[in-house]
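Visitor: Produce the entire structure from the sequences given, and follow the hints as far as they go.
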Amino acid sequence: MGDSQYSFSLTTFSPSGKLVQIEHALTAVGSGQTSLGIKASNGVVIATEKKLPSILVDEASVQKIQSLTPNIGVVYSGMGPDFRVLVRKSRKQAEQYHRLYKEQIPVTQLVRETAAVMQEFTQSGGVRPFGVSLLVAGYDDKGPQLYQVDPSGSYFSWKASAMGKNVSNAKTFLEKRYTDDVELEDAIHTAILTLKEGFEGQISGKNIEIATIGEDRKFKVLTPAEIDDYLAEVE
Amino acid sequence: MFGFSSLVVRMSSSSIVEAPPKGGFSFDLCKRNEMLSGKGVKHPNYRKTGTTIVGLIFQDGVILGADTRATSGPIVCDKNCEKIHFMAPNIYCCGAGTAADTESVTDMVSSQLQLHRYHTGRESRVITALTLLKKHLFNYQGHISAALVLGGVDCTGPHLHTIYPHGSTDTLPFATMGSGSLAAMAVFESKYKEGLNKEEGIKLVTEAICSGIFNDLGSGSNVDVCVITKGEKEYMRNHLKPNPRTYVSARAYTFPKKIEVLSTKITPLKELAQVVEAGDAMEE
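Heads up: the protein sequence lines correspond to chains P and F, in order.
Per UniProt numbering, the first sequence starts with residue 1, numbered consecutively.
Per UniProt numbering, the second sequence starts with residue 1, numbered consecutively.
Don't take every hint at face value.
[As the list claims (entries may be wrong)] Simulated crosslink set (DSS-like; lysine-lysine; CA at most 27 Å straight-line):
id : chain 1 : residue 1 : chain 2 : residue 2
1  : P       : K102      : F       : K191
2  : P       : K218      : F       : K79
3  : P       : K102      : F       : K257
4  : F       : K233      : P       : K218
5  : F       : K135      : P       : K92
6  : P       : K102      : F       : K134
7  : F       : K203      : P       : K89
[What the hints assert, rightly or not] Some but not every residue of chain F turned toward chain P, in silico, with C-beta under 8 Å:
id : residue
8  : S111
9  : Q114
10 : L115
11 : Y118
12 : E234
Source of the hints: derived by calculation from the structure; they are not laboratory data.
Cβ atoms here follow ideal geometry from the backbone N, Cα and C, with glycine treated the same way.
Guide: Printed below as a string of structure tokens:
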């Protein structure tokens, strides 16, 4: 009602105390493809659907999960191009940290800096918020960590989380199946089952992407063949 | 050099506008230094690596070698420094000249190569590192005193280049740089041939560095070698130590004769923190 008059300008609060553009950005995220992450006792797994607009698209050229440093990776729900920009900025920040302190950036620091970038775009003139929510998975001296970053710039640490289209079903499913001492292999199976819940069509190694980081602290995106193996195990 | 791109210009009431530098190098001090040395003022001695660095291409890849002495004027300030710098998993760079310059230039380009690898998803090429280095050095017109031997193996094969402080480069099958380069080049010119295998290559590189170590005052101490082949690298730190310390005392510290040790008490520096579980339970 009164809100709609304030929905055009990002940098103006509405009378109810909301920044309507950010709400709309969250809606953009909510209509993006489902992605989820699970923190295990000895690692983290992140996964996403990879539904391409047509069978003619070369699916090997699309990579939704990206690594930011050798031990931190990220997946998104929402607008792909916005994600690319954030990945580029985050990688540069991680590299600058490394040059200054000669150590790999801790996961919390990178998440904080990425969130700061996303917040900047909610308080500047002439720009719009990023239409993505990120799930950042990493393993550093504090152990395995999973963070979600929203378009507003707020971030939370999660044991397991989901974003995108099927978020409420996925979260309920995860709540039921999550245990604190789950191991990485079981977590991968749980991730696949959660994706399967809301998946339209036949699930295979070519239309989902999974990445893990274990105690070796190396972020690894699984190949379609490896995903097919896990799918066979789950059946 | 993390320069800010935003300029904040404050207008003070005395109408002198003070604009902070825009970022990047400011050449004002170079002019001042030239003016001072023209008036006979000696500039302070900075740490140079006065070095012997070499590289050669052998049948499977590239071998780089360096000595380990760093000098500050006539004084040896580091007897075992590292002159072979990491650029990429398949590219290493030896540096001669001012130690700070070689360190920071190779560090900076290594960082840029890492970002480029993330962006392209491919292994870095030696020619990329070469171009980034020479562009940077040319921009500073030789004021960055870094003479480099860059070597590596990428998808197009093994490559070896030399880079001079002003930004010119050479592509060679064998190369030497630094104050000991003449001594090392003499060894290469007489003994290098194409198609060397790994042992012969390492032996030749070690000989060339030793020639620099023993015949040049600016080079000394030990020999570092780095072998880079397709898909793997071997960094042999202190591969050869031809200058060991001749006398090292085996005794620990002893008090002078007249002092008797009455008691010994060792206090650990870290005290264990005691967590006191105190307080009553919260009232419901």
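Visitor: The structure should be examined with respect to each hint, and the outcome stated for every one.
Guide: Now the hints, each set against the structure:
With a C-alpha separation of about 40 Å, the suggested pair P/K102 and F/K191 falls outside the 27 Å cut-off, and the hint is violated. Pair hint P/K218 plus F/K79 does not hold up; C-alpha atoms about 36 Å apart against a cutoff of 27 Å. Distance restraint check for P/K102 and F/K257: the Cα-Cα separation of roughly 47 Å exceeds the 27 Å cut-off, and the hinted pair is therefore not satisfied. About 20 Å separates the Cα atoms of F/K233 and P/K218, which keeps this hinted pair within 27 Å; it holds.
Pair hint F/K135 plus P/K92 holds up; C-alpha atoms about 21 Å apart against a cutoff of 27 Å. About 24 Å separates the Cα atoms of P/K102 and F/K134, which keeps this hinted pair within 27 Å; it holds. Proximity of F/K203 to P/K89 is assessed by CA-CA distance (about 46 Å); at most 27 Å being required, the pair is judged violated. A hinted interface residue such as F/S111 counts as satisfied when its beta carbon comes closer than 8 Å to some beta carbon of chain P; here the least separation is about 5 Å, so the hint holds.
The interface hint given for F/Q114 holds, since its Cβ lies 6 Å from the closest Cβ of chain P, which is under the 8 Å cut-off. Because the closest C-beta pair between F/L115 and chain P is about 6 Å apart, less than 8 Å, the hint holds. A cut of 8 Å between beta carbons decides the hint on F/Y118: the least distance to chain P is about 5 Å, and the hint holds. Because the smallest distance between the Cβ of F/E234 and any Cβ of chain P comes to about 21 Å, over 8 Å, the interface hint for this residue is violated.
Violated hints for the displayed structure, listed by number in ascending order: 1, 2, 3, 7 and 12.
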